[in-house]
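So you can see what is in the structure, the chains are spelled out below.
Protein chains: 2
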Amino acid sequence: MTVLEQMGKNAKEAARGLAPAGALKNKALYAMAQALEDGEAEILAANAQDLKAAGENGMSESLLDRLTLNSTRIKAMADGIRSVAAQTDPIGTIVGGGVRPNGLKIEQVRVPLGVIGIIYEARPNVTADAAALCLKAGNAVILRGGKEAIRSNTRITEILRAAVEQTGLPKDSIQLVEDTSRASSVEMMQLTGLIDVLIPRGGRGLIQSVVQNSRVPVIETGSGNCHVYVDDTADIEMAANIIFNAKTSRPSVCNAIETVLVHRDIAEKALPAIKARLDEKKVEIRGCERTREILGADVIPAVEEDWATEYLDYILAVKVVDGIDDAIDHIARYSSGHSEAIITKSYENAQKFTAQVDSAAVYVNASTRFTDGGEFGLGAEIGISTQKLHARGPMGVNELTSTKFIISGSGQIR
Amino acid sequence: MTVLEQMGKNAKEAARGLAPAGALKNKALYAMAQALEDGEAEILAANAQDLKAAGENGMSESLLDRLTLNSTRIKAMADGIRSVAAQTDPIGTIVGGGVRPNGLKIEQVRVPLGVIGIIYEARPNVTADAAALCLKAGNAVILRGGKEAIRSNTRITEILRAAVEQTGLPKDSIQLVEDTSRASSVEMMQLTGLIDVLIPRGGRGLIQSVVQNSRVPVIETGSGNCHVYVDDTADIEMAANIIFNAKTSRPSVCNAIETVLVHRDIAEKALPAIKARLDEKKVEIRGCERTREILGADVIPAVEEDWATEYLDYILAVKVVDGIDDAIDHIARYSSGHSEAIITKSYENAQKFTAQVDSAAVYVNASTRFTDGGEFGLGAEIGISTQKLHARGPMGVNELTSTKFIISGSGQIR
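One line per chain: the protein sequences are G and F, in this order.
Just so you know, the first sequence maps onto residues 1 to 414 in UniProt numbering.
Just so you know, the second sequence maps onto residues 1 to 414 in UniProt numbering.
Accuracy of the hints is not assured; some may be wrong.
Chain copies aren't distinguished; within one or between two, either way the pair holds.
[As the list claims (entries may be wrong)] No more than 25 angstroms apart at the CA atoms, straight line, and that leaves these computed lysine-lysine pairs for DSS-like:
hint, residue 1, residue 2
1, K171, K9
2, K27, K171
3, K12, K75
4, K352, K12
5, K52, K147
6, K9, K282
7, K27, K105
8, K269, K52
9, K75, K171
10, K281, K269
11, K269, K171
12, K171, K352
13, K345, K105
14, K105, K352
15, K282, K75
16, K105, K281
17, K269, K75
18, K269, K12
19, K352, K27
20, K281, K75
21, K345, K27
22, K281, K147
23, K171, K12
Everything labelled a hint here was simulated from the structure, so no lab data went into it.
Treat the numbers as computed from the prediction; the structure is a model and nothing was measured.
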């Protein structure tokens with residue numbers, strides 16, 4: 001038996017202990033939060049080693065920032081766990097049911113998924129977030145973080161496991177894969193029967209690799225080629241404001257926009273107003289021919305590839321379209337199905353856009369940046385699903401569950 | 001572009017036309033049912049050719065029976081489609097939502113999955129069933145049936161497509177893969193981005209091959225290593241009755257039982273009573289050592305493999321266990337997670353069994369044979385999911401949908 005198979009078996013066993021845990025799970029979560037705060041010095045020491053090694057390996061500033069822990073961030077991790085504890089426990093909820101004509105009582109009940117594998121990259125706070133959400137929903141978790149954060153992750157996991165064990169729940173509810181080579185994530189993708197679902201969190205390369213190679217069911221997260229369409233009836237100031245917010249408030253996240261589509265009848269007025277706002281943050285515009293006719297030839301010409309690219313940067317593709325149908329077609333063709341918005345005063349076009357755009361979150365007159373578990377009122381999120389199976393959009397504790405049917409009879413046969 | 005890629009694109013396009021179709025879908029379904037009845041002669045002619053070829057290739061009696069259509073079966077297919085039409089349309093249902101503190105109104109709305117691929121074997125009635133269920137939920141379907149039924153399936157699909165087109169919906173809502181070689185199902189498993197979900201229907205070999213090889217998300221169906229546990233407080237007559245029903249009413253289906261576990265304190269009385277019923281249908285018993293001590297040495301000794309085998313035949317594995325915990329452990333180890341039952345008079349043990357057994361359907365004092373969409377009141381079913389992601393247990397029209405978030409604002413930014 002390989003190390004990972006053994007971890008899978010331990011996780012299955014732990015999951016059996018967690019499923020009926022009820023209120024003990026919250027006790028464990030509060031203990032985990034406290035233990036992280038109490039363990040701050042040890043965690044920061046491990047993190048300093050990670051940072052030193054990363055610096056020596058020439059890690060970029062932005063990645064170093066993601067890897068860095070400090071007192072505030074550890075407090076935030078602990079508070080995050082407490083907010084998960086404060087959420088409603090979905091397990092045991094009766095989702096539906098009734099009595100059949102033959103007297104059988106059928107109840108559909110919410111139950112844990114079982115064992116969840118999380119494959120992620122440099123941010124050590126994912127270790128605590130994911131462990132807390134999985135445990136809240138009664139699942140055992142196998143965490144496989146990036147090699148850059150292995151010392152931080154190891155220390156955090158040890159602290160969390162000890163806290164879980166103290167409350168009387170199985171410590172193998174939370175396990176960390178020590179081997180951070182590619183081989184370990186490949187093996188996780190093959191552990192059908194031991195891991196019930198894999199959730200990759202990180203960059204597009206990581207996520208696509210898991211989606212393409214996993215035999216274990218995967219929930220695809222986080223790829224966002226998001227659009228704003230400015231309808232001919234739009235309030236131009238609102239449009240510019242929303243586009244500015246959706247592009248520049250945090251360009252590196254999946255709910256930031258990458259392309260703006262503008263109705264040809266409003267383009268001449270709207271484009272200069274939009275550009276004026278974007279110029280405040282020196283956003284690079286890549287425009288179609290009609291955009292360049294309006295904004296000037298110093299706008300970089302957009303090529304086919306621009307429509308499909310998730311820049312995650314201060315770059316925005318801009319296209320003038322013939323109308324709402326043209327915009328909807330463009331989105332159907334290029335969107336990753338994450339978040340899209342229409343800016344309009346037209347009731348009819350608002351209805352049409354929300355009905356026909358096939359994305360996880362479709363907005364009227366609001367920024368796509370709201371696609372987030374917290375903003376939607378779902379509590380902490382484990383990621384944003386861009387697939388249609390099982391969960392779509394921000395995934396909270398509920399999305400980490402399954403259901404089963406319980407049937408109560410008195411000797412019925414068929 | 002390959003034939004299948006083109007079909008995938010056509011299906012995507014058709015799905016865009018189906019999503020807002022509303023009542024037109026029911027019109028199409030009723031037209032499909034009528035067209036099948038009107039086309040009986042053509043369908044039977046095509047089916048006769050399939051049967052002739054299958055006979056020449058030495059197909060077994062039971063497979064020939066599955067392949068055979070007649071007037072009654074065509075009527076049943078048509079009625080099946082009408083019953084799907086009569087079900088509530090899930091699309092557009094508002095699953096949840098509310099207004100956030102910043103004034104954003106968030107609605108979670110039920111939408112189609114998009115494009116569904118069905119890979120199945122010899123039964124041509126699956127063609128009509130699957131097409132109807134997918135269409136009802138607003139999905140385009142790509143059907144890939146077995147080569148034995150290709151003439152029947154082609155004729156049925158042509159008839160259904162014509163009926164769909166007549167009502168003004170896209171005929172590519174229903175497409176049949178003409179190539180029945182292994183290559184076509186392998187290619188379907190790679191069509192990520194064009195097929196949203198694959199559902200294999202058929203024998204274990206087919207299903208496992210799809211689960212193991214597909215890059216498209218799969219819903220695993222139909223594998224059932226089901227158990228009945230006879231508790232020490234069981235009503236013996238009820239136990240024997242339920243076991244007889246669950247084993248012999250239709251041994252070839254996934255909700256039939258394969259193993260009976262009997263509490264040691266009741267074994268001496270219960271086993272002979274159970275065996276007496278099973279003898280009526282000449283069920284072969286493969287027993288553990290303690291079972292053979294009670295029932296006699298002419299009972300075939302069970303080996304390890306018996307506990308894991310889905311016989312789908314008049315064979316039953318029988319094991320004496322030390323109690324309910326032992327039974328639950330055995331089920332956790334060997335069950336495929338489909339359906340299990342406890343026969344008991346004990347409130348405590350009923351609660352324990354239903355809470356701790358991690359299967360799609362868990363019964364108290366009833367036959368596992370009820371695990372079925374119709375019996376559960378879900379209407380027609382597309383299969384019984386034995387996985388935990390997305391859907392678990394009998395899957396009806398609702399399980400062929402996803403959701404999306406629609407967010408209505410007035411200029412909100414984050």
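Going through the hints against the structure:
Taking identical chains as interchangeable, the C-alpha atoms of K171 and K9 lie at most 25 angstroms apart only when both belong to the same chain, with a minimum of 13 angstroms there against 48 angstroms between chains. Proximity of K27 to K171 under the C-alpha cut-off of 25 angstroms is restricted to the intra-copy arrangement: shortest distance 14 angstroms within a copy versus 57 angstroms between copies. In this homomeric assembly, K12 and K75 never come within 25 angstroms of each other (Cα to Cα): the closest approach is 31 angstroms inside a single copy and 47 angstroms across copies. In the homo-oligomer, the alpha carbons of K352 and K12 lie at most 25 angstroms apart only across protomers (18 angstroms), although the nearest pairing inside one protomer, at 46 angstroms, exceeds that limit.
For the identical chains of this complex, K52 and K147 are intra-copy neighbours only, at 13 angstroms inside a copy versus 62 angstroms across copies, given an alpha-carbon limit of 25 angstroms. Taking the shortest Cα distances, K9 and K282 never come within 25 angstroms of each other, neither inside one copy (53 angstroms) nor across copies (39 angstroms). Taking the shortest alpha-carbon separations for K27 and K105, neither the intra-copy value of 34 angstroms nor the inter-copy value of 34 angstroms comes in at or below 25 angstroms. Within a single copy, K269 and K52 get their C-alpha atoms no closer than 52 angstroms, and across copies no closer than 71 angstroms, so neither meets the 25 angstroms cut-off.
Proximity of K75 to K171 under the C-alpha cut-off of 25 angstroms is restricted to the intra-copy arrangement: shortest distance 23 angstroms within a copy versus 58 angstroms between copies. For a Cα distance limit of 25 angstroms, the shortest separation of K281 from K269 inside one copy, 21 angstroms, qualifies, whereas the shortest one across copies, 83 angstroms, does not. In this assembly of identical chains, the alpha carbons of K269 and K171 never lie at most 25 angstroms apart, being 61 angstroms within a copy and 43 angstroms across copies at closest. Proximity of K171 and K352 under a CA criterion of 25 angstroms is satisfied inter-copy only: 23 angstroms between copies versus 51 angstroms inside one chain copy.
For a Cα distance limit of 25 angstroms, the shortest separation of K345 from K105 across copies, 16 angstroms, qualifies, whereas the shortest one inside one copy, 50 angstroms, does not. Taking identical chains as interchangeable, the C-alpha atoms of K105 and K352 lie at most 25 angstroms apart only when they sit on different chains, with a minimum of 17 angstroms there against 42 angstroms within one chain. Within a single copy, K282 and K75 get their C-alpha atoms no closer than 34 angstroms, and across copies no closer than 68 angstroms, so neither meets the 25 angstroms cut-off. In this assembly of identical chains, the alpha carbons of K105 and K281 never lie at most 25 angstroms apart, being 61 angstroms within a copy and 30 angstroms across copies at closest.
In this assembly of identical chains, K269 and K75 lie within 25 angstroms of each other by CA distance neither inside one copy nor across copies; the values are 47 angstroms within and 63 angstroms between. Within a single copy, K269 and K12 get their C-alpha atoms no closer than 60 angstroms, and across copies no closer than 36 angstroms, so neither meets the 25 angstroms cut-off. In this assembly of identical chains, K352 and K27 lie within 25 angstroms of each other by CA distance solely across copies; the values are 23 angstroms between and 48 angstroms within a copy. For a Cα distance limit of 25 angstroms, the shortest separation of K281 from K75 qualifies neither inside one copy, at 31 angstroms, nor across copies, at 67 angstroms.
For a Cα distance limit of 25 angstroms, the shortest separation of K345 from K27 qualifies neither inside one copy, at 50 angstroms, nor across copies, at 35 angstroms. Taking CA atoms no more than 25 angstroms apart as the test, K281 paired with K147 passes in neither setting, with 34 angstroms inside one copy and 61 angstroms between copies. When the C-alpha separation of K171 and K12 is checked against a cutoff of 25 angstroms, the pair qualifies only within one copy, where the shortest distance is 12 angstroms, while the shortest distance between copies is 46 angstroms.
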